[in-house]
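Student: Protein sequence lines, in the order shown, are assigned to chains A and B. Numbers 3 to 595, taken from the working numbering, label the letters of the first sequence in order. Numbers 50 to 430, taken from the working numbering, label the letters of the second sequence in order.
Because the hints were derived from the structure by calculation, they are not lab data. Quick caveat: nothing in here was measured; it's all calculated off a predicted structure. Be aware that one or more of the hints could be misleading.
[Said to hold, decoys possible] Straight-line alpha carbon distances no greater than 16 angstroms define the calculated EDC-like cross-link-like pairs of lysine to aspartate or glutamate that follow:
| no. | chain 1 | residue 1 | chain 2 | residue 2 |
| --- | --- | --- | --- | --- |
| 1 | A | LYS370 | B | GLU137 |
| 2 | B | LYS377 | B | ASP392 |
| 3 | A | LYS165 | B | ASP53 |
| 4 | B | LYS94 | B | GLU137 |
| 5 | B | LYS170 | B | GLU212 |
| 6 | B | LYS344 | B | ASP414 |
| 7 | B | LYS186 | B | ASP121 |
| 8 | A | LYS325 | B | ASP53 |
| 9 | B | LYS94 | B | ASP133 |
[Unchecked claim] Stretch by stretch, here's where chain B covers chain A in the computed footprint (C-beta under 8 angstroms, at least three residues):
| no. | region |
| --- | --- |
| 10 | 45-54 |
| 11 | 72-82 |
| 12 | 155-168 |
The beta carbon of each residue, even a glycine, is placed where N, CA and C say it ideally should be.
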Amino acid sequence: MQVSSQTTEQIAPQPGTVSTKTAAELAAEISPAREERIFLLLSIFIGIISGLLVVSFRMAIDWLQVLLLGTETGPHRLRLIFVPAAAGLAIALLTKYVFPQVRGSGVNQTKAALYISNGYISIRTVIGKFLLSSLAIGSGHSLGPEDPSLQIGAGVASLISRKMGLSREKLRIFAPVGAAAGLAAAFNAPISAILFVIEEVIGQWSAGVLGSIVLSAVASVVVARSFWGSEPMFRIPVVTELDSRELLAYAVLGLVGGVASLVFAKALGYLRPRLRAQTSWTIFQPAVAGLLVGGIGYFGLPQVMGAGYEAIDQAMHAQFAFKILILLAIFKIIATTLSFSSGTPGGMFAPTLFIGAMLGAAVGSFEKHYFPYLQGSTGSYALVGMGVLFAAFLRVPLTSVFMVLEVSGNYSVILPVILANTIAYLISRALQPVPIFELFTHQDGLYLPSMEEEREDRHDLHFEDALGPINVPVFKGSEILGDARKSVLDAFEKTPGAMAALIQCKDGAWYAATRQELETIFSAMNEETDAKQSLEERLGGERTPTMYPDQSLATALPFFRRWPLIPISNRAMRGALEGVLSQADVIRRYQGN
Amino acid sequence: MIHDGAAFLILTAVTGVLFAVTLFLFRSFSSHRADLAVEASDAGKEALAQHRPHDAIASLREALSYAPNQRDYQLLLAQALGEDGRIEEANNYFLNLREAEPGDGFINLQLARLARQRKLKQQAVDFYRASIFGDWKGEGDVHRRRVRLELADFLIGQKDLQEAQSELVIAASNARSSSDPALDMTIGDAFLQAGDSANALRLYQKAMIDSPRDPVAYEKAGRIAYRQGDFAHAAEWLEHALRESAGNPGSAADPEGDTATLQKNSERLLALAPAAATTRTDRVAREIHNRALAKQRFDACLKQSSTPKSLPSAALQNLAARWTSAVKTTRIALLSDRTTEADLNTLIGDTEILTAQTCGPPKGDDGLLLILAQRNVQPTR
Chain A
3 MQVSSQTTEQ IAPQPGTVST KTAAELAAEI SPAREERIFL LLSIFIGIIS
53 GLLVVSFRMA IDWLQVLLLG TETGPHRLRL IFVPAAAGLA IALLTKYVFP
103 QVRGSGVNQT KAALYISNGY ISIRTVIGKF LLSSLAIGSG HSLGPEDPSL
153 QIGAGVASLI SRKMGLSREK LRIFAPVGAA AGLAAAFNAP ISAILFVIEE
203 VIGQWSAGVL GSIVLSAVAS VVVARSFWGS EPMFRIPVVT ELDSRELLAY
253 AVLGLVGGVA SLVFAKALGY LRPRLRAQTS WTIFQPAVAG LLVGGIGYFG
303 LPQVMGAGYE AIDQAMHAQF AFKILILLAI FKIIATTLSF SSGTPGGMFA
353 PTLFIGAMLG AAVGSFEKHY FPYLQGSTGS YALVGMGVLF AAFLRVPLTS
403 VFMVLEVSGN YSVILPVILA NTIAYLISRA LQPVPIFELF THQDGLYLPS
453 MEEEREDRHD LHFEDALGPI NVPVFKGSEI LGDARKSVLD AFEKTPGAMA
503 ALIQCKDGAW YAATRQELET IFSAMNEETD AKQSLEERLG GERTPTMYPD
553 QSLATALPFF RRWPLIPISN RAMRGALEGV LSQADVIRRY QGN
Chain B
50 MIHDGAAFLI LTAVTGVLFA VTLFLFRSFS SHRADLAVEA SDAGKEALAQ
100 HRPHDAIASL REALSYAPNQ RDYQLLLAQA LGEDGRIEEA NNYFLNLREA
150 EPGDGFINLQ LARLARQRKL KQQAVDFYRA SIFGDWKGEG DVHRRRVRLE
200 LADFLIGQKD LQEAQSELVI AASNARSSSD PALDMTIGDA FLQAGDSANA
250 LRLYQKAMID SPRDPVAYEK AGRIAYRQGD FAHAAEWLEH ALRESAGNPG
300 SAADPEGDTA TLQKNSERLL ALAPAAATTR TDRVAREIHN RALAKQRFDA
350 CLKQSSTPKS LPSAALQNLA ARWTSAVKTT RIALLSDRTT EADLNTLIGD
400 TEILTAQTCG PPKGDDGLLL ILAQRNVQPT R
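Start from the sequences and build out the full structure, keeping to the hints where you can.
Tutor: This is how it looks when you write it as structure tokens:
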């Protein structure tokens, strides 16, 4: 915001100069103001169009599912095997020859567009993502529609902002705006979408872009709800009042979820690069994956095929026995690993929710069987389980908590959600240091910023990290020049290496002076007129800025253009110094010495 | 500014067109899904009607995948799950549905039935009561009465007869204004099962008035009257039942015998019972006749139980001592002294009871005398 105000000031027309500028120069001058003006309005349009496209995308998936897999839901139908295989082959051919950029989920591709291509996502990629993801999910590949929706939204934003001739800076900002819109429409949960984009795409809270993200997410959800209705994605089960003893069971769920997410991530991390290395048969990989996933469906677990929302719903309403829940979780991990590693375009959100719901319901069923006096419903566990996997596998702890709350509309599960998600997240972090999306980017040869690190700001050093002792002479600013000259010259004589000194002024402020500066003052001093003047009066009104130990070290460097040292004050006692900072200290600290 | 204005105009137009296309596709999509949902739900209903709950579950799940918020399908699916023996799943399903409509009579009834299957008595009773006081879409009074009768049936099964009778009293009271003999009969039967024969008889009598040609009401009322010792009514109602059922003998499996036998017994009991005599002379005559029968039965039993090696039991010997004086009691003494008359009737009763215990159940008039004796000991059931 500060930048824009400065810019506005800079372009303010000067009287008498307007007529001398060309129209192009004028347009260039007024361009930033124009972008500010249309920014929010465009965000709404991006939200609406993304919402419409996501509605169409979901329709396409459902339509293809009925068309390709039929209306029956049971196993033992041959088409369960052949359809995903045939669709896999078609997808591989189209990916290779028509839409080469559509592999993967869409999250990393959006991040890559943001950090590498200045927010550029081609229209071909958007179309390809729409068509191939819907074909993959509709034909039964174990993938979800949320991440592709995110990329479709980002693509829409990219296209619109390009057509509007926006600057490179704005093009980059619009990618996450569109991403939030796409995800919000797919999830029917605007808060979760906004948080996900902040946690996983931007990596930090940015006031400049937050307003636009909120507007576009809300606009897209309004559009999606006008078609699908305002009901949440899942029919939420009865969430009973929590018995505090149940927190132990939820902690177990966190543990189980953390381990499951680790297994899932390890499986993907192992298989994906190996399949990508097999360049000679890349074209057949989605077909083989489809065949195997279809096989799982054919031999008894058709629930693992596609996004699996119906199965999630059934798990939340305690429709599966314990053994089936465990089997479904295991085979969903296998099926998704196969589908995703083969390069079939589609998302990881729905499978993650699926696995989490099954594990949660399994823990809930176990508890219900062995501790019947506890009143917690299986549905509550399934609901929390979804959040657990989300936190541990996708490594978005904040989004995971809000997702459960937003999807359930019930805040009584907040304690178990926070507890279980935290445990799962910590286990996942400890045992799988590189988050899954980051791992994929590394496997793809890209090195995008780590959102986990960005969020936690781990490398942001502070003044206290580079602080040195006060080894320069210190003088009182109230001393008259006549007395000061003697003490200054004595001090410099005693410490010949000191090239600067600190002068403590009356109001608790400090002045960091160079030795040369002081020597110049004293050499230019008029014995008759200046002798009674105090040192700080002689130094003028300027003072070295007051800095504190917890401030970011990165902000220190510009000060050394003017000051030889930065005195670091104590926040509780104005004027008392914690130490001093020199340019050499800062550089040494950044060099890791 | 003009450029931006035009750009936004185009953007608005594109958005409008995209909206229209999406809306068109969505309507077509929704209509197709609705058709598929109806198709699948019809198959589910048919399977449910044919008692193929497993197939019904598959079809209804399919229907719900197309119309996830269709309450009717959800109810049918929950019902199918219950019928398929998946009690826990059905229970969870209904509980979730109840969350949305806690006062729904049907859902509470289903939950009560599931709790009944899970042998959770208090939960079943609570759900039954919630169903009775719940919301029924149309014919609420009929549904509520049906549920109340089901609750009473459940309570009878749980041997909680007092509670069952209370529910039946309310059901009967609510049905008082209606002239539905079938309903009266149903409630009457329930009363009978709950051990309240007086209320059962009252309901049967109401059914007899409303449907005088119905032999079943007469037969059931006759049987209750017989058990209560009201042989006059028993004979009358059973005769009516036999007449209306054109000689149908009724249930031979009934412990009291078929209707015809019961009717004959009633008439004979009326002839034997001193209390049924219209004059004192007649009564004494019946007592003398009964004395002869009882003495004959006693002598036979005494002979049967006495062997050369063992003496009859002390009770029989005691009874023999009482008979020694009783046989000498004259008709005049009986007519003049009520105490003597009462003693004789007691002796006859004791004899029939003791000989039945010692020598086996009697037949013929002795059997009927035993009934009279038991009636005196245990006047009304």
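Student: Taken at face value, is the distance from the CA of B:ASP53 to the CA of A:LYS165 at most 16 angstroms?
Tutor: Holds. A:LYS165 to B:ASP53 sits at ~11 angstroms (cutoff 16 angstroms).
Student: Hinted pair, alpha-carbon criterion (16 angstroms max): B:LYS186, B:ASP121. Please report holds or violated.
Tutor: Judged against 16 angstroms, a Cα distance of about 13 angstroms means the pair holds.
Student: Has the given pair, B:LYS377 with B:ASP392, been kept, meaning a C-alpha gap of at most 16 angstroms?
Tutor: 13 angstroms, holds
Student: Given the hint that B:LYS344 pairs with B:ASP414, does the C-alpha gap stay at or below 16 angstroms?
Tutor: 13 angstroms, holds
Student: Would the pair A:LYS370 and B:GLU137 pass a check requiring their Cα atoms to be no farther apart than 16 angstroms?
Tutor: The hint holds at about 11 angstroms.
Student: Can the restraint linking B:LYS94 and B:ASP133 be considered satisfied, given a maximum Cα separation of 16 angstroms?
Tutor: Holds - the C-alpha atoms of B:ASP133 and B:LYS94 are around 14 angstroms apart, at most 16 angstroms.
Student: Report holds or violated for chain B covering the region 72-82 of chain A, Cβ cut-off 8 angstroms, minimum 3 residues.
Tutor: holds (count 4)
Student: Given as covered by chain B, does the region 45-54 of chain A meet the bar of three residues or more with CB within less than 8 angstroms?
Tutor: holds (count 4)
Student: Verify this for me: three or more residues of the region 155-168 of chain A with a beta carbon less than 8 angstroms from a beta carbon of chain B.
Tutor: Holds: 3 residues of the region 155-168 of chain A have a Cβ under 8 angstroms from chain B.
Student: Given the proposed pairing of B:LYS94 with B:GLU137, does the C-alpha separation stay at or below 16 angstroms?
Tutor: 21 angstroms, violated
Student: Quick one, are B:LYS170 and B:GLU212 close enough, alpha carbons at most 16 angstroms?
Tutor: 13 angstroms, holds
Student: Check whether the Cα positions of A:LYS325 and B:ASP53 lie no farther apart than 16 angstroms.
Tutor: 61 angstroms, violated
Hint compliance for this structure: hints 4 and 8 are broken, all remaining hints hold.
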